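Trainee: Based on the provided sequences and hints, a complete structural model is requested.
Chain by chain, the residues:
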Amino acid sequence: MIHYALIFAFGCFGLGLLFNLYRIFVAPGVVDRVLALDTMVINIIALLVLYGISTHSGVYFEAALLFAMTGFVSTVAYCKFILRGDIIE
Amino acid sequence: MLRKLFPHPYLTLLLVITWMLLVNQLKLGSLVLAVILGTIIPLITAPYWPDRPILRNPMAIIGYVLIVLYDIVKSNFIVAGVVLLKPNSQLKPAWVTVPIDLRTPEAITVLAGTITMTPGTVTADMSGDGRSLLIHCLHAPDPDAVRDEIKSRYEARLMRIFE
Amino acid sequence: MEFLAEIVISVLLVAAGIFGLVGSIGLIKLPDTMTRLHAPTKATTLGVGGVLIASMLYFWIFKATLSWHELLITMFLLLTAPITANFIAKAHLHRFGKESDLPDTKTDRGWATFEDEAKEMQPVMTRVTPPAQAPSDH
Numbered sequence: 008m009i010h011y012a013l014i015f016a017f018g019c020f021g022l023g024l025l026f027n028l029y030r031i032f033v034a035p036g037v038v039d040r041v042l043a044l045d046t047m048v049i050n051i052i053a054l055l056v057l058y059g060i061s062t063h064s065g066v067y068f069e070a071a072l073l074f075a076m077t078g079f080v081s082t083v084a085y086c087k088f089i090l091r092g093d094i095i096e
Numbered sequence: 044m045l046r047k048l049f050p051h052p053y054l055t056l057l058l059v060i061t062w063m064l065l066v067n068q069l070k071l072g073s074l075v076l077a078v079i080l081g082t083i084i085p086l087i088t089a090p091y092w093p094d095r096p097i098l099r100n101p102m103a104i105i106g107y108v109l110i111v112l113y114d115i116v117k118s119n120f121i122v123a124g125v126v127l128l129k130p131n132s133q134l135k136p137a138w139v140t141v142p143i144d145l146r147t148p149e150a151i152t153v154l155a156g157t158i159t160m161t162p163g164t165v166t167a168d169m170s171g172d173g174r175s176l177l178i179h180c181l182h183a184p185d186p187d188a189v190r191d192e193i194k195s196r197y198e199a200r201l202m203r204i205f206e
Numbered sequence: 177m178e179f180l181a182e183i184v185i186s187v188l189l190v191a192a193g194i195f196g197l198v199g200s201i202g203l204i205k206l207p208d209t210m211t212r213l214h215a216p217t218k219a220t221t222l223g224v225g226g227v228l229i230a231s232m233l234y235f236w237i238f239k240a241t242l243s244w245h246e247l248l249i250t251m252f253l254l255l256t257a258p259i260t261a262n263f264i265a266k267a268h269l270h271r272f273g274k275e276s277d278l279p280d281t282k283t284d285r286g287w288a289t290f291e292d293e294a295k296e297m298q299p300v301m302t303r304v305t306p307p308a309q310a311p312s313d314h
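Residue numbers (the working numbering), protein chains in the order written: chain A, 8 to 96; chain B, 44 to 206; chain C, 177 to 314.
One or more of the hints may lead you astray.
In silico DSSO-like pairs for lysine-lysine, Cα to Cα no more than 27 Å straight-line [unchecked claim]: (1) B:194 x B:117; (2) B:135 x C:282; (3) B:117 x C:282; (4) B:194 x B:135; (5) B:135 x C:205; (6) B:117 x B:129.
To give a feel for the contact side, a few chain C residues facing chain A, derived at Cβ under 8 Å [what the hints assert, rightly or not]: (7) 197; (8) 201; (9) 231; (10) 260; (11) 267.
No lab work stands behind these hints, which were simulated from the structure alone. Note that this is a predicted model, so its numbers are computed, not measured. Glycine included, every Cβ here is placed at the ideal spot set by N, Cα and C.
Mentor: So, in structure tokens, the structure goes:
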């Protein structure tokens with residue numbers, strides 16, 4: 008049963024990833040693209056953890072943790088760049 | 044003496060817990076390393092944190108966290124319902140100004156974060172003197188009710204914790 | 177017992193998948209940037225949170241290893257989601273927002289994003305009222 012639930016969740020997050028990609032290409036402004044990238048990172052974390060469950064291995068959590076951190080920092084850096092035209096002042 | 048060695052006791056505790064969670068095993072060696080790191084990092088970064096937050100009522104934090112977790116789950120259902128079931132023409136987005144009585148930066152940060160995580164509201168900005176927050180509501184037929192709920196549900200509780 | 181755990185984990189996974197998908201649908205469907213900000217920051221946190229808790233339960237019950245990393249990732253996402261949302265909202269206001277669209281601050285100063293660089297954030301970063309008393313050591 009877990010197998011089918013996993014496939015369903017894989018499908019949902021994969022479809023979400025496609026929607027985010029669409030929003031990155033078709034967006035009214037740069038802020039929407041940053042938002043879409045941020046959502047993409049979150050979806051990828053979910054996919055990594057799902058892959059970890061389906062392969063019964065714990066090595067993907069480090070990758071997910073690193074993804075969470077770099078995703079957060081990159082979103083903040085993008086926004087800071089939009090706000091101030093500079094990242095580290 | 045103790046104050047000099049541990050300028051930020053809560054930060055030390057947080058660092059120790061985070062390190063133990065990262066190591067993922069309860070071993071004496073990693074606990075020792077966690078305590079060493081938890082002592083050194085606050086000492087090195089102390090110049091950037093000139094004073095420590097004052098918690099009047101630390102036990103009230105547990106109740107606050109439980110309420111916020113419940114509200115996060117509730118807010119997910121509300122936002123999912125709005126996204127899936129409401130056509131865009133019926134949406135009533137609104138800007139709301141919430142005057143705040145909290146004064147310490149930590150308390151205002153926690154309040155702003157809580158507002159973002161809870162039903163249909165996002166903290167967008169703050170006034171220059173830190174006396175009011177600008178909040179965007181996804182679907183608010185009655186903006187005044189949103190403001191009153193924030194003030195009574197979250198701010199009153201934070202007031203008891205921080206000031 | 178194992179069967180019950182399977183049901184719980186499957187329900188968590190399915191619910192998480194639906195919430196994650198709703199967050200991404202909101203990103204497509206909602207009309208403007210500020211409303212679009214709502215869907216991903218909220219729906220996705222529960223989506224990923226559900227997956228992480230399901231993974232924690234799975235490894236605990238079927239592999240007999242209690243893994244704490246999921247808890248760490250969940251906490252990290254819960255703490256950073258409001259900060260990214262606030263940053264994106266500020267960037268949007270700075271880039272496309274007009275101060276005339278926003279409500280009044282009801283104080284003497286304007287919204288921080290639209291204020292002069294020189295006086296920005298001055299009173300906020302320092303404590304408005306000094307702490308009443310220094311915390312004592314026990």
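Trainee: What hints, given by number in increasing order, does this structure fail?
Mentor: Of the numbered hints given earlier, the structure breaks just one, which is hint 3.
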